[in-house]
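**Q** Here is what each chain is made of, one letter per residue.
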Amino acid sequence: MAKVVLKLGDDISTDIIYPGRFMATVLPTETPQYAFADHAEFNARLKKGEIPPGSVIVAGKNFGCGSSREQAASCLKGPDLVVAAKHFARIFLQNSINLGLRTVICPDLEAEEGDELEITADKVINKTSGKSFDIVPLPKARQAIIDAGGLIPYTRQRVLAGKK
Amino acid sequence: MGMTMVEKILARATGQAAVKAGDVVEPKVDLAMSHENAALVLNQFLEIYKDTGLEAKVWDPSKIAIIFDHRVPAESSKTATNQKKVREFVAAQGIAKFHDIRGDEGGICHQILPENGYVRPGYVVVGTDSHTTSHGALGAFAFGIGATEMASVWALGSVLNVEVPGTIKVVARGKFPKHVLPKDFILHLIGKISAEGANFKVIEYHGEAFEKMPTSGRLTVCNMSVEAGATSGIVPPDAETLRYLKEVAGVRETVAVFGPDPDAVYDQVIEIDVSKLEPQIACPHTVDNVKPIGEVAGKPIQQIVIGSCTNGRLDDIEVAAKILKGKKVARNVRMLVFPASGRIFREAMAKGYISTLMEAGALVANSGCGPCLGVHQGALGDGEAALSTTNRNFKGRMGNPNAEVYLCSPAVAAASALTGVITDPRKGG
Numbered sequence: 000m001a002k003v004v005l006k007l008g009d010d011i012s013t014d015i016i017y018p019g020r021f022m023a024t025v026l027p028t029e030t031p032q033y034a035f036a037d038h039a040e041f042n043a044r045l046k047k048g049e050i051p052p053g054s055v056i057v058a059g060k061n062f063g064c065g066s067s068r069e070q071a072a073s074c075l076k077g078p079d080l081v082v083a084a085k086h087f088a089r090i091f092l093q094n095s096i097n098l099g100l101r102t103v104i105c106p107d108l109e110a111e112e113g114d115e116l117e118i119t120a121d122k123v124i125n126k127t128s129g130k131s132f133d134i135v136p137l138p139k140a141r142q143a144i145i146d147a148g149g150l151i152p153y154t155r156q157r158v159l160a161g162k163k
Numbered sequence: 000m001g002m003t004m005v006e007k008i009l010a011r012a013t014g015q016a017a018v019k020a021g022d023v024v025e026p027k028v029d030l031a032m033s034h035e036n037a038a039l040v041l042n043q044f045l046e047i048y049k050d051t052g053l054e055a056k057v058w059d060p061s062k063i064a065i066i067f068d069h070r071v072p073a074e075s076s077k078t079a080t081n082q083k084k085v086r087e088f089v090a091a092q093g094i095a096k097f098h099d100i101r102g103d104e105g106g107i108c109h110q111i112l113p114e115n116g117y118v119r120p121g122y123v124v125v126g127t128d129s130h131t132t133s134h135g136a137l138g139a140f141a142f143g144i145g146a147t148e149m150a151s152v153w154a155l156g157s158v159l160n161v162e163v164p165g166t167i168k169v170v171a172r173g174k175f176p177k178h179v180l181p182k183d184f185i186l187h188l189i190g191k192i193s194a195e196g197a198n199f200k201v202i203e204y205h206g207e208a209f210e211k212m213p214t215s216g217r218l219t220v221c222n223m224s225v226e227a228g229a230t231s232g233i234v235p236p237d238a239e240t241l242r243y244l245k246e247v248a249g250v251r252e253t254v255a256v257f258g259p260d261p262d263a264v265y266d267q268v269i270e271i272d273v274s275k276l277e278p279q280i281a282c283p284h285t286v287d288n289v290k291p292i293g294e295v296a297g298k299p300i301q302q303i304v305i306g307s308c309t310n311g312r313l314d315d316i317e318v319a320a321k322i323l324k325g326k327k328v329a330r331n332v333r334m335l336v337f338p339a340s341g342r343i344f345r346e347a348m349a350k351g352y353i354s355t356l357m358e359a360g361a362l363v364a365n366s367g368c369g370p371c372l373g374v375h376q377g378a379l380g381d382g383e384a385a386l387s388t389t390n391r392n393f394k395g396r397m398g399n400p401n402a403e404v405y406l407c408s409p410a411v412a413a414a415s416a417l418t419g420v421i422t423d424p425r426k427g428g
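Going line by line, the protein sequences match chains A and B.
Counting from 0, one number per residue, gives the positions in the first sequence under numbering that gives the first Met the number 0.
Counting from 0, one number per residue, gives the positions in the second sequence under numbering that gives the first Met the number 0.
Among the clues, some could well be false.
Unchecked claim - DSS-like, lysine-lysine: derived pairs with alpha carbons at most 27 Å apart:
#1 Lys60/A to Lys394/B
#2 Lys49/B to Lys27/B
#3 Lys96/B to Lys84/B
#4 Lys46/A to Lys394/B
#5 Lys191/B to Lys60/A
#6 Lys85/A to Lys77/B
#7 Lys394/B to Lys76/A
#8 Lys76/A to Lys321/B
#9 Lys19/B to Lys139/A
#10 Lys60/A to Lys290/B
#11 Lys47/A to Lys394/B
#12 Lys46/A to Lys177/B
#13 Lys27/B to Lys139/A
#14 Lys394/B to Lys85/A
#15 Lys76/A to Lys77/B
Because the hints were derived from the structure by calculation, they are not lab data.
Use the sequences and the hints to build the structure in full.
**A** Shown next as structure tokens:
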């Protein structure tokens, strides 16, 4: 069970998730402090450790549009958040898979802040409203990377196998 | 079955006779570009090799390009230290296509790559920058990836598990009216199909308007194709591509050009008559919130920006200089100009455009990304509005979530600089 801690609209850009002025900070260990930096209240709760791992951000269409900055994925992976959106922008989705940030593509999802969700392999069940919504599987092309636990371990296996 | 441009390129890059949209392939990379975020790429690259007992060597140092442009000269000790780490890595690995902070060779990555002939028709180009789509202007399949994905490319020389994208064919008919530019075309297209209209697809550009468009304009269009969600934009290479490679990029060897098959299969075909286009404005806070200029003319503006990987090329600066020649930038607006490369800056000086702009009151700064993404220079004050030839207007983009960014062509930006309000360049000014 996981609680919805933030509800957002459509076209949430990487400038909102991780504002450009913090881009000099690159390391995944350091980026979480600037997650949603311009959303002062949410950023403060996150920094104070008030948001438990596994909590869910719910968003509309095209989440993560804009820049390729990987900080936008690593800043959410650090506190181990889950993003459930109607759909995602391409580069953000790939960055999330590469870094192991959990993303859920759920086109019909209805949920509000405070709702309790159960996320299964193919459904999001909103325990608060009693409704359930189908999940669209992640791109099949990326499954090997998901199975390896991210792109770094996957490429490490490839390098070790000498499959250049 | 015939193939689109991207299908042909991916067939070649994977050593297959044919591929089709939806296939999963692992194309070999011809050029892998990063900017300051090479600092993160190299961190992830070293992570791949950690505890393997193997030496961390990039697959081919001649195919990696690193260009400092996002924060030049460094705005903070953190950036300066990151740039230093990248310089050390470049030297240790023997990376040849490295463009440091210099007036002779430096500039914005999406101008440095084409003007140095690093991009050729048919190449697979990846970059840790979403506007890597720009290089489709030269007939390459060029797309943005994240830093960890790039670390994997540095190790393996290929991009893993690429799903061959479907293609939207856009046919642009007619001739551009005076003061209507390729920027107006791409803003109009993004407004028409929306910020997600081309998600996971490539946009292939055809038609009379493209045949007559110089490479600089094609770079503008392909650059902003990502703002419609496209994986990339691409213009089939032609005589203009060959002219650019030879005359501008100094490429001496023979370059082969090819187009899509006549029976290529497209997901969608969109026709646009450019002769009917007006100047377009993308209004806050999404790039697809596009309106014809008549609907927003008169809006007061405090900062004008001309430059960036979208519109900082010589003809963009020329358009602005011609409009501003002998006139003055309005007192209540500050006008900032960022040429796209050191070379363009010097060419613009030689032609007198820089003097013209400065005499009019514009501030001309060094080549780089400048205020576009709000990391460095030209931040906006609370409640201010900018009119900019850059590519994004998301909330907070120009360094302040309490400000607004409007996007336009260099002609609109220059005409508006004279008045301090959004102004139609067709109406004199």
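**Q** Each hint: holds or not?
**A** Hint-by-hint comparison with the structure:
Between lysine 60/A and lysine 394/B, the direct Cα distance comes to roughly 17 Å. Compliance with the 27 Å bound is thereby established for this hinted pair. Between the alpha carbons of lysine 49/B and lysine 27/B the distance comes to roughly 24 Å, so the proposed pair stays at or under 27 Å and holds. Restraint check: the Cα-Cα separation between lysine 96/B and lysine 84/B comes to about 16 Å, which is no more than 27 Å; the hinted pair holds. For the proposed pair lysine 46/A and lysine 394/B, the alpha carbon gap of about 22 Å is at most 27 Å, so the pair holds.
For the proposed pair lysine 191/B and lysine 60/A, the alpha carbon gap of about 17 Å is at most 27 Å, so the pair holds. The hinted pair formed by lysine 85/A and lysine 77/B fails the criterion: a straight-line CA distance of about 36 Å is larger than 27 Å. For the suggested pair lysine 394/B and lysine 76/A, the alpha carbons sit about 23 Å apart, so the restraint of at most 27 Å is met. Restraint check for lysine 76/A and lysine 321/B: not satisfied, since their Cα atoms lie roughly 50 Å apart, outside the 27 Å limit.
Straight-line distance between C-alpha atoms of lysine 19/B and lysine 139/A comes to about 16 Å, which keeps the hinted pair within the 27 Å bound. Of the pairs offered as hints, the one joining lysine 60/A and lysine 290/B holds, with about 22 Å between alpha carbons and a cut-off of 27 Å not exceeded. A C-alpha spacing of about 25 Å is found between lysine 47/A and lysine 394/B, which places the hinted pair at or below 27 Å, so the restraint holds. Only pairs whose Cα atoms come within 27 Å are accepted, and lysine 46/A paired with lysine 177/B is rejected, the gap being roughly 53 Å.
The straight-line distance between the Cα atoms of lysine 27/B and lysine 139/A is roughly 20 Å, inside the 27 Å bound, and the hint therefore holds. Our distance criterion of 27 Å between C-alpha atoms is met by lysine 394/B and lysine 85/A, whose separation comes to about 21 Å. About 23 Å separates the Cα atoms of lysine 76/A and lysine 77/B, which keeps this hinted pair within 27 Å; it holds.
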